[in-house]
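Protein chains in written order, with the working numbering: chain S, 13 to 518; chain Z, 6 to 632.
None of these hints come from the bench; they were simulated from the model. Just so it is clear, CB atoms sit at the ideal spot from N, CA and C, and this is done for glycine as well. Careful: at least some of the hints might be erroneous.
What the hints assert, rightly or not - Residues from chain Z shown here face chain S by an in silico Cβ test under 8 angstroms; the list is partial:
| hint | residue |
| --- | --- |
| 1 | D275 |
| 2 | R278 |
| 3 | N315 |
| 4 | A316 |
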Amino acid sequence: MLKYILRRILIFIPTLFVISLIAFVISINAPGDPVENLFAGAKGGEGSSASNAGMTKAKDELRHELGLDLPVFYFTLTSLSEPDTLYLIKDKSHKENLERLINTYGNWEFIQEYYRSLIALRNEALIRTEADSNLLKQITSDSLLIIEDNFAQKCISLLRTQDATEIKSKINALQTECGRFSSLGANNFLERFNSLLSHCENTFAAVESNSSQWKTWIPALRFYGYNQYHRWLFGDGNWLTGNGSEHCHGVLRGDFGVSYATRKPVTETIGRALPWSMSLTAMSVLLAYLISIPIGVQAAAKRGSFFDRSSSVVLFMLYSLPSFFMGTLLLMTFANPDVLSILPANGVGPATGIPEDATLWEKFNMTWPYLVLPLICYTYSSLAFLSRTMRVAMLEISSLDFMRTAQAKGLSSNLIYYKHGLRNALLPIITVFANIFPLAVGGSVILEYLFGIPGMGPEILTAVQTKDYPMIVAVFTLSGFMTLVGYLVADILYAIADPRISYSKS
Amino acid sequence: MTMKNQFATGLFALSITAFLASCSDTPEGKFTDGKTEGTDSASNDVRYILNKKADKWQDDWSKENVVVYHWRGEPDNLHPTNGASNPRRMIQDYTQRFLLNIDLQTLELRPDLVTKMPDVSEDGLTYTYELRSDVKWDDGSPLSVDDVIFTMKAQTCPQTNNPAYKALFEFTKTVEKDPSAPNKFKVVFNKRFLYNIAMFGDIAIMQEKFHDKDGVLKKYTIEQFLDPEFAKTQHPDLEAWGKEFNDPKYGRDINFLNGLGPYKVTAWEDKSRMELTRKKAHWTQTMSNPGYYDVAYPEKIICRVITDENAIALELKNQTIDVSSWISTHGLFELRKDSLFNRNFHSAFVYNFDWQYMGFNMKPEAVNRTPFFTDKNVRRAIAHLVPCDEMNQTYLDGQAVRMSSAVTPTRKDVFDPSLKPLAYDIEKAKQLLDAAGWKDTDGDNVRDKMINGKKVKFEFELMIMTGNVAGANMAKDIKESLYKAGVIANIRSLEFVTFYQQLPMHEFDMYFGAWSGSAFPEDYKQIWHSEQWANGGSNYVGFGTPESDKLVDSIRVQLVDSLRHPMERKLMSIIYDEQPYVFLFMVPRKVAIHKRFDNANMFWEKPGVYLPALKLWAPGVVINTTN
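Let the sequences and hints guide you as you build the complete structure.
Written out as structure tokens, the structure reads:
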């Protein structure tokens with residue numbers, strides 16, 4: 013048995029590797045840029061150069077801190093035309109447009125020059141210098157402002173355009189705008205933009221004339237050393253010892269990184285929330301089994317009786333009630349001063365908190381009323397399934413010879429079913445038990461939201477809503493791990509319940 | 006509290022709003038719509054609701070001098086510089102102090118840590134402040150000008166992760182001590198700017214000794230920090246300081262929270278509760294005549310996170326919450342049917358500065374989208390097709406206040422009542438669409454138009470945020486109404502983060518939005534200047550005419566109210582004419598305060614309540630504010 017357990021634990025490793033890889037791939041490919049999300053509250057705002065320069069630097073530093081300036085994986089399968097440095101382009105829309113251009117023309121070195129010329133043009137268009145403002149005051153025509161805006165609009169638009177006809181048309185339109193500047197006497201605009209526009213035009217012409225689309229048909233395998241996945245697994249220090257790590261120690265050392273939303277370590281958040289979800293799940297499982305097993309056994313023993321039929325009806329009625337409805341019903345009944353106000357409505361403890369010097373018994377006394385209603389909601393829905401499973405299993409067992417022998421010996425019903433029959437009927441129940449483990453990690457979003465329990469449910473919901481991928485990946489990996497543990501525990505319990513089950517090779 | 010940065014933080018009112026009028030103290034158990042002193046109305050200038058003390062103390066009221074406040078979400082963090090949420094600001098008001106702050110009753114700026122409002126030089130560029138001499142940090146050391154200078158340096162330092170605040174210092178030149186007096190200092194600006202005073206209502210003063218033990222920032226000047234070239238250079242000591250200062254512990258760990266306010270955070274259970282405890286021997290406790298904003302009557306303030314509507318109602322009924330400014334409209338209506346609730350709580354629908362709208366993409370060519378809304382007539386037509394009054398009745402219980410332009414009626418100095426909301430008028434809308442060239446040429450009941458040689462149907466995408474139930478319902482009504490005029494709106498629901506990523510990239514045709522406002526003089530640049538369209542600012546829709554840009558630029562440098570307000574009204578009339586938005590509603594806040602507290606005032610300025618002033622008036626209980 014021990015060998016079997018060890019073997020199973022060893023199998024955890026490749027399984028968890030695959031789970032973590034899937035979780036990582038999902039997080040990487042999800043839309044949105046975490047750095048932009050974190051800076052969403054700060055706009056380009058007032059056009060202050062200092063603030064914009066500072067913000068760009070802050071974003072770059074954060075990107076570096078989160079490891080988002082690295083290639084994604086150890087290798088990537090691409091085409092010969094695509095460079096191995098495309099991951100360095102931070103703006104996703106630009107990157108996508110460049111990929112389209114590469115697919116069309118296949119000559120990265122020329123596309124790169126064209127892209128640089130567009131960036132220079134865009135940056136110049138966004139600057140509205142003091143000289144421009146002074147000029148505006150001298151020129152009474154308001155047309156200049158309109159021209160400037162159209163100009164900026166077209167410059168930005170070029171960075172997302174890959175169709176050759178459209179690109180040329182937009183560059184022509186920009187050159188026409190420059191001409192209009194000239195007519196307004198805005199010669200300094202001309203000086204700034206004419207050369208940039210010519211450069212854009214020439215570099216794009218070079219892209220077209222030096223097309224090497226054949227390169228897009230030849231696959232290429234690009235290898236990278238240090239990459240995001242490696243960093244995620246091993247941290248940003250020495251991969252073996254972990255020495256020198258600055259921002260991240262790696263998942264293998266229990267560091268799932270920092271939450272994008274709260275900037276707190278993910279393990280700290282999970283460490284705070286998980287005990288609530290796990291303890292509620294554990295208590296509800298215990299209650300569910302304590303209630304369901306006797307009901308199932310009695311229903312089997314008194315098959316067709318009033319108890320059997322009525323218990324089925326009641327339990328399935330309960331099963332059909334959604335948990336949020338049941339939760340609200342319980343709240344409005346037991347926490348409502350208009351009906352019965354005997355239990356609290358929300359939270360896990362009194363508003364004033366639990367005194368630090370309170371004894372364990374006192375803490376328990378202050379906390380248990382808050383858990384009654386959530387516990388009922390966690391438990392009731394599984395009663396029907398468990399009791400029916402128990403009933404079916406017990407009915408199968410009760411028709412066997414040894415049960416008839418026990419009856420013939422004159423043993424009491426309880427003795428027959430609980431001592432002789434139950435153990436043989438436990439296998440399906442144990443199978444269900446295995447699924448409890450991952451549920452304990454995920455918590456119940458609805459119930460924890462309803463009752464204000466600071467468990468994993470609200471944390472996962474917030475993580476999904478805010479695209480907090482370190483948190484999502486951590487929960488995903490942890491759930492996978494707990495599923496493996498659950499199945500292992502189930503296997504062990506099978507062997508305990510039924511000695512005929514053996515995992516040794518002999 | 007300034008409204009310098011109107012972040013797109015997705016302050017959607019999920020529920021409804023109502024109309025505030027007043028909430029008179031009523032005969033026990035009954036609720037009537039009366040007016041009392043301090044009540045908001047169109048005819049008087051008072052900007053808050055004064056609730057009179059209850060006539061009689063009830064036996065089942067708690068005599069504990071603890072205020073339990075309910076909110077739906079806690080602060081992102083309490084870091085003095087690196088955060089931006091509204092709950093954070095509320096806690097800062099109780100744990101920090103500012104040079105200036107807003108008077109919730111008059112909605113004017115008032116001196117807080119300074120003796121009076123600053124003296125302003127003739128050119129409007131130099132502001133001289135004098136610190137109060139009675140202010141002390143928790144360690145007993147006095148507040149000094151060094152702390153103020155450090156605060157400004159920390160805010161402007163390129164290493165600090167506070168992009169939301171850096172923009173406040175756009176025109177700051179320097180800060181210097183006044184040699185004539187140790188408590189005086191001058192702040193010098195490059196340009197006249199509306200926020201040159203108001204910015205100090207947003208910046209909590211930090212203790213230099215606490216955040217810069219090694220005196221790193223003393224080696225640098227604020228001029229250096231404001232120089233964009235400086236940000237490109239390497240300074241290891243500054244980077245080390247920045248790394249420590251930006252550490253999240255200064256925003257989440259209660260052992261690292263420091264401030265001049267009368268309360269300190271003594272417990273913070275994530276997503277559950279936050280506890281503020283009144284400090285012992287706080288400097289305000291030695292004042293002989295403390296003002297409204299210097300008192301701290303409750304011994305503790307506990308903020309509880311409750312998100313479920315039923316739970317909120319039950320907690321109020323059970324009197325386990327004392328104050329809430331997060332009740333839904335329907336929730337408050339239901340609660341008011343309960344005589345016990347009315348006996349126990351003051352409640353009201355309170356005006357504020359938040360409003361909802363739908364934004365058009367006025368410059369879609371930049372992102373290769375169809376130019377549906379580039380024509381002003383089309384935008385006006387769509388506005389005429391939105392059944393606002395019906396939606397108000399159906400989803401908002403008739404309590405919302407229609408918006409006509411970009412200021413709420415609560416901005417009395419700027420609001421122009423002559424700008425009427427556009428009426429629901431399908432025929433008028435059809436005429437406008439016809440005039441704009443959108444006609445049904447192929448008889449399929451959907452208008453179309455030739456654009457760049459291609460026939461384009463008037464079928465666009467209306468973006469809403471997932472979870473905005475009222476918005477989703479309204480979107481369906483709008484869709485139905487638009488179809489009557491031959492326009493198809495396809496509703497696209499996006500979750501919060503994705504939604505707000507699409508906006509600065511202009512990847513939308515039309516979207517539901519909301520702005521959170523404030524009493525503060527508004528800098529319209531971020532939302533209404535054409536510059537803020539191209540550079541990723543909050544002008545998502547691309548509004549801006551040469552005239553409006555000039556007005557925006559002029560408004561932000563005009564410090565005299567009587568000269569600035571007419572310009573603001575002119576700007577509003579241009580916005581009204583251009584209709585870059587369909588202006589929807591102002592969303593009154595629903596507030597309840599337990600009657601066991603006196604000073605139960607309800608304010609227009611968020612969060613609508615001021616908890617330290619709530620004074621328990623239980624018979625036989627003496628409130629001792631000196632611990």
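Cross-check of the supplied hints:
1. D275: Holds, because the Cβ-Cβ distance from Z/D275 to chain S comes to roughly 6 angstroms (cut-off 8 angstroms).
2. R278: For Z/R278, the interface hint holds, since the closest Cβ of chain S sits about 7 angstroms away, which is under 8 angstroms.
3. N315: Holds - the Cβ of Z/N315 comes within 8 angstroms of chain S, reaching about 5 angstroms at its closest.
4. A316: Constraint on Z/A316 satisfied, holds at 4 angstroms.
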